[in-house]
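The listed protein sequences correspond, in order, to chains A and B.
According to our numbering, the residues represented by the first sequence are 1 to 114, in order.
According to our numbering, the residues represented by the second sequence are 115 to 227, in order.
Any given hint might turn out to be false.
[Unchecked claim] Derived coverage of chain A by chain B (criterion: at least 3 residues anywhere in the stretch with Cβ under 8 Å from a Cβ of chain B; other residues may be distant):
| # | segment |
| --- | --- |
| 1 | 21-27 |
| 2 | 35-43 |
| 3 | 48-60 |
Since the hints were derived computationally from the structure, they do not count as laboratory data.
These figures come from a predicted structure and were not determined experimentally.
Glycine residues also receive a C-beta, built at the ideal position from the N, C-alpha and C atoms.
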Amino acid sequence: NAGVTQTPKFQVLKTGQSMTLQCAQDMNHEYMSWYRQDPGMGLRLIHYSVGAGITDQGEVPNGYNVSRSTTEDFPLRLLSAAPSQTSVYFCASSPAGTGNYEQYFGPGTRLTVT
Amino acid sequence: KQEVTQIPAALSVPEGENLVLNCSFTDSAIYNLQWFRQDPGKGLTSLLLIQSSQREQTSGRLNASLDKSSGRSTLYIAASQPGDSATYLCAVYSWEYGNKLVFGAGTILRVKS
Numbered sequence: 001n002a003g004v005t006q007t008p009k010f011q012v013l014k015t016g017q018s019m020t021l022q023c024a025q026d027m028n029h030e031y032m033s034w035y036r037q038d039p040g041m042g043l044r045l046i047h048y049s050v051g052a053g054i055t056d057q058g059e060v061p062n063g064y065n066v067s068r069s070t071t072e073d074f075p076l077r078l079l080s081a082a083p084s085q086t087s088v089y090f091c092a093s094s095p096a097g098t099g100n101y102e103q104y105f106g107p108g109t110r111l112t113v114t
Numbered sequence: 115k116q117e118v119t120q121i122p123a124a125l126s127v128p129e130g131e132n133l134v135l136n137c138s139f140t141d142s143a144i145y146n147l148q149w150f151r152q153d154p155g156k157g158l159t160s161l162l163l164i165q166s167s168q169r170e171q172t173s174g175r176l177n178a179s180l181d182k183s184s185g186r187s188t189l190y191i192a193a194s195q196p197g198d199s200a201t202y203l204c205a206v207y208s209w210e211y212g213n214k215l216v217f218g219a220g221t222i223l224r225v226k227s
């Protein structure tokens, strides 16, 4: 199993550009989520999905969009990048979102918005 | 609001020492607590998961305990090695706070050879 994979590893965007961060898992996990990690702020939940076709907002959803058309993939879209979105983004997955299972994290995408 | 605090923020120890990392949380209504390791520039690696009904979990040189009533967890690392140098994060899963892990800020551990 590759586990949770994320692409790209690094990205530089100009203010106003849009892009999609890719996340995929091969463990047949129902629950997937996106976090951002900022110095002094810890990890904060952006969006999550409890299964294909079902998504919901987390703690800091503004400026981001998600969809879940398959169990394996959970892309995160930045609609119009802003410098405040400079961060490290992590995707995570778990067999279910019931709290009984470990969450597995991807290697992260480092995004800089200039 | 669930808040997770980790003490100390940073720790430097000589190789071979046993050490304890502390994690506290404000709301004891949790489903589980998970300890992670993060190496610089890398993702999070799960170390131990303790369910709310459990008191401790062990994996190799690592032992994590959970006292839900007092809102505390400790991660004990035995016979520390330079390869243990990393940031250690604890996170709690509480249904009342949505489908998310609430993370502490982490403890940066350096083990000197």
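Checked hints:
no.: 1; hint: 21-27; verdict: violated (count 0)
no.: 2; hint: 35-43; verdict: holds (count 3)
no.: 3; hint: 48-60; verdict: holds (count 5)
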